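**Q** According to the numbering used here, the residues represented by the sequence shown are 1 to 106, in order.
A few of these clues could be false.
Cβ-Cβ distance ranges computed for the label pairs, FRET-style [claimed, not checked]:
| id | residue 1 | residue 2 | range |
| --- | --- | --- | --- |
| 1 | Val-25 | Met-1 | 31 to 41 Å |
| 2 | Tyr-94 | Val-37 | 33 to 43 Å |
| 3 | Leu-64 | Ser-36 | 31 to 41 Å |
| 4 | Asp-27 | Gln-88 | 40 to 50 Å |
| 5 | Gly-72 | Leu-34 | 19 to 29 Å |
| 6 | Val-25 | Gln-63 | 17 to 27 Å |
| 7 | Ser-36 | Met-95 | 38 to 48 Å |
| 8 | Ser-35 | Lys-98 | 38 to 48 Å |
| 9 | Tyr-96 | Ser-36 | 35 to 45 Å |
| 10 | Met-95 | Val-37 | 16 to 26 Å |
| 11 | Gln-88 | Leu-47 | 14 to 24 Å |
| 12 | Leu-93 | Asn-45 | 12 to 22 Å |
| 13 | Ile-12 | Thr-51 | 25 to 35 Å |
| 14 | Tyr-97 | Leu-47 | 27 to 37 Å |
These aren't lab readings, by the way, just hints derived from the structure by calculation.
Predicted model, so just to flag it, every value in this text is computed and none were measured.
Positions of the beta carbon are idealized from the N, C-alpha and C atoms, including for glycine.
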Amino acid sequence: MFPVINLRETGINLRRIMDKRGITVKDVQRYLGLSSVQSIYHWLNGLTMPTIDNLYALSALFQLPIDALVCGSRKAIIPELVVHTENQNHRRLYMYYKKLNNVIAA
């Protein structure tokens, strides 16, 4: 089965990121030039997804890659590649990746 986006988890994640950065729904509305906040609340409540253009803009606003905004069923690629390596530097990099990934998700 192909990976799919989880609307509810993505909305929760967007809310968490906004709260952590002190960004309000009104701030996002102004930044994106939207006429109302309704669509943003739809994203946060898991009813709809932002367009790819809005996701791209949100990633700039939050200073995070789009992958850090969207939650879905896809498994991370990096850990699968690094776990089986013999290179000590790759293993160390993987440990940093895991720690940073937990910080972003929290």
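**Q** If a hint holds in the structure, say so; if it doesn't, say that too.
**A** Each hint, compared with the structure:
1. Take Val-25 and Met-1: their Cβ atoms lie about 34 Å apart, and the range 31 to 41 Å holds.
2. The hint said 33 to 43 Å for the Cβ distance between Tyr-94 and Val-37, and at roughly 40 Å that hint holds.
3. The beta-carbon spacing between Leu-64 and Ser-36, approximately 25 Å, falls outside the hinted interval of 31 to 41 Å.
4. At about 44 Å, the CB distance of Asp-27 to Gln-88 agrees with the hint of 40 to 50 Å.
5. Checked against the given bound of 19 to 29 Å, the beta carbons of Gly-72 and Leu-34, roughly 24 Å apart, stay inside it.
6. The supplied range of 17 to 27 Å is met by Val-25 and Gln-63, whose beta-carbon atoms lie about 19 Å from each other.
7. Restraint check, Ser-36 to Met-95: a C-beta distance of roughly 44 Å satisfies the suggested window 38 to 48 Å.
8. One distance hint, 38 to 48 Å for the beta-carbon pair Ser-35 and Lys-98, holds here, with the actual separation near 41 Å.
9. Distance hint check: the CB atoms of Tyr-96 and Ser-36 are about 41 Å apart, consistent with the given range 35 to 45 Å.
10. A hinted range of 16 to 26 Å is violated for the C-beta pair Met-95 and Val-37, which are about 40 Å apart.
11. For Gln-88 and Leu-47, the Cβ-Cβ distance of about 47 Å falls outside the hinted range of 14 to 24 Å, so the restraint is violated.
12. Between Leu-93 and Asn-45 the CB atoms are about 37 Å apart, so this pair departs from the stated range of 12 to 22 Å.
13. The hinted range of 25 to 35 Å is not satisfied by Ile-12 and Thr-51, whose Cβ atoms lie roughly 19 Å apart.
14. Range check, Tyr-97 to Leu-47: about 32 Å between beta-carbon atoms, so the 27 to 37 Å window is met.
Violated hints, listed in ascending order, are 3, 10, 11, 12 and 13; each of the other numbered hints is respected by the structure.
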